[in-house]
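Please take these sequences and the hints and turn them into a complete structure.
There are 4 protein chains.
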Amino acid sequence: MIQIDDLIKDVQSRFDARNIAVNRVGIRRLRHPFSFENQNVVGYFDMLVNLPENIKGTHMSRFVEILNEQPTVLSIAAIPLWLEKIVSRLQADNGFLQVQFPYFLKKAAPISNTSGWMDYDINLRGIFEKGCAKTYITVVVPVTSLCPCSKEIADYGAHNQRSHVTVTVCVLPGFSLEDLIKCVESTATCELYSILKRADEKAVTERAYDNPKFVEDMVRDIATLLKTLPTIKGYKVSIENFESIHNHSAYAEIDNLSAKTI
Amino acid sequence: MIQIDDLIKDVQSRFDARNIAVNRVGIRRLRHPFSFENQNVVGYFDMLVNLPENIKGTHMSRFVEILNEQPTVLSIAAIPLWLEKIVSRLQADNGFLQVQFPYFLKKAAPISNTSGWMDYDINLRGIFEKGCAKTYITVVVPVTSLCPCSKEIADYGAHNQRSHVTVTVCVLPGFSLEDLIKCVESTATCELYSILKRADEKAVTERAYDNPKFVEDMVRDIATLLKTLPTIKGYKVSIENFESIHNHSAYAEIDNLSAKTI
Amino acid sequence: MIQIDDLIKDVQSRFDARNIAVNRVGIRRLRHPFSFENQNVVGYFDMLVNLPENIKGTHMSRFVEILNEQPTVLSIAAIPLWLEKIVSRLQADNGFLQVQFPYFLKKAAPISNTSGWMDYDINLRGIFEKGCAKTYITVVVPVTSLCPCSKEIADYGAHNQRSHVTVTVCVLPGFSLEDLIKCVESTATCELYSILKRADEKAVTERAYDNPKFVEDMVRDIATLLKTLPTIKGYKVSIENFESIHNHSAYAEIDNLSAKTI
Amino acid sequence: MIQIDDLIKDVQSRFDARNIAVNRVGIRRLRHPFSFENQNVVGYFDMLVNLPENIKGTHMSRFVEILNEQPTVLSIAAIPLWLEKIVSRLQADNGFLQVQFPYFLKKAAPISNTSGWMDYDINLRGIFEKGCAKTYITVVVPVTSLCPCSKEIADYGAHNQRSHVTVTVCVLPGFSLEDLIKCVESTATCELYSILKRADEKAVTERAYDNPKFVEDMVRDIATLLKTLPTIKGYKVSIENFESIHNHSAYAEIDNLSAKTI
Numbered sequence: 001m002i003q004i005d006d007l008i009k010d011v012q013s014r015f016d017a018r019n020i021a022v023n024r025v026g027i028r029r030l031r032h033p034f035s036f037e038n039q040n041v042v043g044y045f046d047m048l049v050n051l052p053e054n055i056k057g058t059h060m061s062r063f064v065e066i067l068n069e070q071p072t073v074l075s076i077a078a079i080p081l082w083l084e085k086i087v088s089r090l091q092a093d094n095g096f097l098q099v100q101f102p103y104f105l106k107k108a109a110p111i112s113n114t115s116g117w118m119d120y121d122i123n124l125r126g127i128f129e130k131g132c133a134k135t136y137i138t139v140v141v142p143v144t145s146l147c148p149c150s151k152e153i154a155d156y157g158a159h160n161q162r163s164h165v166t167v168t169v170c171v172l173p174g175f176s177l178e179d180l181i182k183c184v185e186s187t188a189t190c191e192l193y194s195i196l197k198r199a200d201e202k203a204v205t206e207r208a209y210d211n212p213k214f215v216e217d218m219v220r221d222i223a224t225l226l227k228t229l230p231t232i233k234g235y236k237v238s239i240e241n242f243e244s245i246h247n248h249s250a251y252a253e254i255d256n257l258s259a260k261t262i
Numbered sequence: 001m002i003q004i005d006d007l008i009k010d011v012q013s014r015f016d017a018r019n020i021a022v023n024r025v026g027i028r029r030l031r032h033p034f035s036f037e038n039q040n041v042v043g044y045f046d047m048l049v050n051l052p053e054n055i056k057g058t059h060m061s062r063f064v065e066i067l068n069e070q071p072t073v074l075s076i077a078a079i080p081l082w083l084e085k086i087v088s089r090l091q092a093d094n095g096f097l098q099v100q101f102p103y104f105l106k107k108a109a110p111i112s113n114t115s116g117w118m119d120y121d122i123n124l125r126g127i128f129e130k131g132c133a134k135t136y137i138t139v140v141v142p143v144t145s146l147c148p149c150s151k152e153i154a155d156y157g158a159h160n161q162r163s164h165v166t167v168t169v170c171v172l173p174g175f176s177l178e179d180l181i182k183c184v185e186s187t188a189t190c191e192l193y194s195i196l197k198r199a200d201e202k203a204v205t206e207r208a209y210d211n212p213k214f215v216e217d218m219v220r221d222i223a224t225l226l227k228t229l230p231t232i233k234g235y236k237v238s239i240e241n242f243e244s245i246h247n248h249s250a251y252a253e254i255d256n257l258s259a260k261t262i
Numbered sequence: 001m002i003q004i005d006d007l008i009k010d011v012q013s014r015f016d017a018r019n020i021a022v023n024r025v026g027i028r029r030l031r032h033p034f035s036f037e038n039q040n041v042v043g044y045f046d047m048l049v050n051l052p053e054n055i056k057g058t059h060m061s062r063f064v065e066i067l068n069e070q071p072t073v074l075s076i077a078a079i080p081l082w083l084e085k086i087v088s089r090l091q092a093d094n095g096f097l098q099v100q101f102p103y104f105l106k107k108a109a110p111i112s113n114t115s116g117w118m119d120y121d122i123n124l125r126g127i128f129e130k131g132c133a134k135t136y137i138t139v140v141v142p143v144t145s146l147c148p149c150s151k152e153i154a155d156y157g158a159h160n161q162r163s164h165v166t167v168t169v170c171v172l173p174g175f176s177l178e179d180l181i182k183c184v185e186s187t188a189t190c191e192l193y194s195i196l197k198r199a200d201e202k203a204v205t206e207r208a209y210d211n212p213k214f215v216e217d218m219v220r221d222i223a224t225l226l227k228t229l230p231t232i233k234g235y236k237v238s239i240e241n242f243e244s245i246h247n248h249s250a251y252a253e254i255d256n257l258s259a260k261t262i
Numbered sequence: 001m002i003q004i005d006d007l008i009k010d011v012q013s014r015f016d017a018r019n020i021a022v023n024r025v026g027i028r029r030l031r032h033p034f035s036f037e038n039q040n041v042v043g044y045f046d047m048l049v050n051l052p053e054n055i056k057g058t059h060m061s062r063f064v065e066i067l068n069e070q071p072t073v074l075s076i077a078a079i080p081l082w083l084e085k086i087v088s089r090l091q092a093d094n095g096f097l098q099v100q101f102p103y104f105l106k107k108a109a110p111i112s113n114t115s116g117w118m119d120y121d122i123n124l125r126g127i128f129e130k131g132c133a134k135t136y137i138t139v140v141v142p143v144t145s146l147c148p149c150s151k152e153i154a155d156y157g158a159h160n161q162r163s164h165v166t167v168t169v170c171v172l173p174g175f176s177l178e179d180l181i182k183c184v185e186s187t188a189t190c191e192l193y194s195i196l197k198r199a200d201e202k203a204v205t206e207r208a209y210d211n212p213k214f215v216e217d218m219v220r221d222i223a224t225l226l227k228t229l230p231t232i233k234g235y236k237v238s239i240e241n242f243e244s245i246h247n248h249s250a251y252a253e254i255d256n257l258s259a260k261t262i
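The listed protein sequences derive, respectively, from chains A, B, C and D. Mapping the first sequence onto my numbering, position 233 (from 1) lands on 233, and the numbers just tick up by one. Mapping the second sequence onto my numbering, position 86 (from 1) lands on 86, and the numbers just tick up by one. Mapping the third sequence onto my numbering, position 246 (from 1) lands on 246, and the numbers just tick up by one. Mapping the fourth sequence onto my numbering, position 150 (from 1) lands on 150, and the numbers just tick up by one.
Treat the hints loosely; a few may be bogus.
Identical copies carry no separate label here, and so any pair may be met within one copy or between two of them.
To be verified - Cut-off 25 Å, straight-line C-alpha distance, at most; resulting in silico cross-link-like pairs (BS3-like, lysine-lysine): (1) LYS130 x LYS236; (2) LYS85 x LYS107; (3) LYS85 x LYS106; (4) LYS236 x LYS134; (5) LYS130 x LYS107; (6) LYS130 x LYS85; (7) LYS134 x LYS85; (8) LYS182 x LYS236; (9) LYS233 x LYS134; (10) LYS227 x LYS56.
Derived by calculation from the structure, the hints in this document are not laboratory data.
Below is the structure:
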């Protein structure tokens, strides 16, 4: 059957004489609703492939077709299949997929047990190069940090604040996003909750004061745990404390990822 | 039954001697998954009430409880019920609800008929004051604009660009968000699509060139249509062209909303 | 002398038959370096005028010319002159100017006296309507808040966090931005500093614990002070606490501005 | 002389038994006014050092002191001196400095010669590791792109839009930021201006139509030029077209930087 586009010139497919390969080309910031591990969310999609040195352009609409031909169902385990689909449809050697979206965990408050949704920013990336697919995931886990110096030098009180722990890992089979988030939350001064009744507020206030950590302490404690996790290969942890006594952040990072991840 | 919190001091409920009422108090930027008119989306919730001059504070956790006691189902028509629930649970006179989220419409390309999801930013607000609930909705509709001056003075070509049309209306019974979006898209130089095959690209290119509009033209044409819409009471339209020849925007607005809406 | 543009059609100046006046039209988000009360800063400019019902379009390049014909020198007191210049150059009845930029105050730490620059976000707006110019200024003052409930119910410690106090006022002659900022900082649980040595950190930690305030307390205390300020006419105060125990904000506002300010 | 802090415990300097080095620790997002190559601008500073495995924490206030002890004067050539100052003051082996700020060039319109400031986002980074300082700079150059396919298949017109060209280079002696920006602008479909009179608008409209380029064309043409630039060592170019016919971007990148740059 003749497609309607077959009657129209295909400028993209022409020969390109500059002899320069393009590492990645495609679409960015396409917002799309999808299901991620049984949660209905909305995310921004980047879908890219390489372009050989002798071809003028890629076919952008095909990326969007891949997303729209049926309801989009994503999971960490399915990233290699998505990369395969992209590479095959675009007739490319390398493929790249990046999806940024919020992820939710139902969490119960520590004393009252009242439960609510906590939200986490996710950046899920797949890279297909030299016949091999790798999956990276970045999660931002918001936590409480309480300053050990402030606690020790003050006669009472201690400054504390919300902090963002950003962890990037290269995932291996068996990886659990929920486990990674819980690992981070367990090493923080205190974790966050969407609902806290008064009994809970008393508990988290005391827990935080009992558990002071510098940004350096938290990054080391998380790295210590990640080193033992069998379902990841390499990690980068960075922490940003939105200081309650300054208008800038305290920051620390430990990076043992060998590759560029973005 | 005695609740766990009954054993703990309730600082918020105390008498406040400053004698100053607070217009709005509550929670902001709570990210939460929900269903909006049968679409599964994620949004940011602001939930506020007034606080009388003689009470020290409001009970913040109750707002979050309202959202978490069952799966959140929102619709434009249900906003008054949500306001009622907020005001009643917080024992307040006035209530305010604001939800910011993306909304999607399935759109078919003009020639090939290939279809994909187009996304629109929504800000849905309900205000309950003096016993009366009002519902406002703001939608950002991205469109194409093509400059009439550029077309007329140049021997060929015409600069064009993506533009954001932002419409705020006070809704009456029978209001349809989809109709409002289509009304805006029909008055633009051209509408946007998530998928365009080559035959479609030819069509939208020619349609845009045939239909040049200044930012002033578009704002007037949309206002003309909105004036005749029986399901709204008042409107504000603003348009921002992300000029392809400048690093700043061209902007125009027509505002006949009598009230502060935020 | 004949200008080069006189030889080219002026599409904008044509008659418009739709008979709809445009409230505001012009340029937005133009980034420009300037001097504000002797500080060298960079800001985003919006410059708008009304457009009568019988004219097709405004002349956008004139706004940019106003900014570029000599080094831009701004002050709060000079806003009416700027509005006059805009209205006169664009041959309009009404004019609007909005400039968003950071403002800095040199602040000494409370004990060590070490000094550094604190930054504040400013939104300076002028509105010229019906022959009358009004100047509004919005400043975001970052401060510390410490929760009175957390302090009272916990055996030790208290959650605290960075907060943003956003104040909008209509300025009268004699208004001082620095005084407004200091007024806000003095009513907060504690103020922020860019540099704190250990002796300072001890002082602010104890000061914060001695001075717990709900978001409701801070908004009332600031409103109380603003009511007595002779150099402003009307104010809106809103406060957002970036809660260290939640991933959302606590928020309160008191609004006695009679007009839409944006 | 005894400093006031000598009387207070120094928690940060204590021994740390976890035996984990921290790659980078310090301050982030500190907004500060400064002079960059004789322009007065405002930027966000990140200042980081490594932390050996046996020390508990770094001394955050020293970074802020470095910025505040005298008016901050930055240049690309001075980055190694800044790194030296940071490393020496913090007694560290490695140092990292990142400054994000807007940069301005005075540009004359092509026909009328009217001139105005064009703005460019800059990210200037210095890395001191193993005794060696490297300086990277990223600049975002906004340009016009016009689609060759749209032009060729349509009977008239062609969709065009604003695009961001983001170039990161490792700089060698003699590097000129202005030359890099002009190199990028010269390879685009057309460059942007802050002021265009009608004669200029005619010229840029026709120039754009005469010079259609895919995102793939622009990334290749810029890479071709960068290859020949003797004052850089390695480059990454990425281009994002904010498509005027879609609500997502077209994107391409060519990356020959051997190192992680962030």
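Results of checking the hints against the structure:
| no. | hint | result |
| --- | --- | --- |
| 1 | LYS130 x LYS236 | both (24 Å within a copy, 21 Å between copies) |
| 2 | LYS85 x LYS107 | between (36 Å within a copy, 24 Å between copies) |
| 3 | LYS85 x LYS106 | between (33 Å within a copy, 23 Å between copies) |
| 4 | LYS236 x LYS134 | both (16 Å within a copy, 22 Å between copies) |
| 5 | LYS130 x LYS107 | neither (41 Å within a copy, 37 Å between copies) |
| 6 | LYS130 x LYS85 | within (16 Å within a copy, 43 Å between copies) |
| 7 | LYS134 x LYS85 | within (15 Å within a copy, 40 Å between copies) |
| 8 | LYS182 x LYS236 | within (17 Å within a copy, 37 Å between copies) |
| 9 | LYS233 x LYS134 | within (10 Å within a copy, 29 Å between copies) |
| 10 | LYS227 x LYS56 | between (45 Å within a copy, 20 Å between copies) |
Violated hint: 5 only; the structure is consistent with all others.
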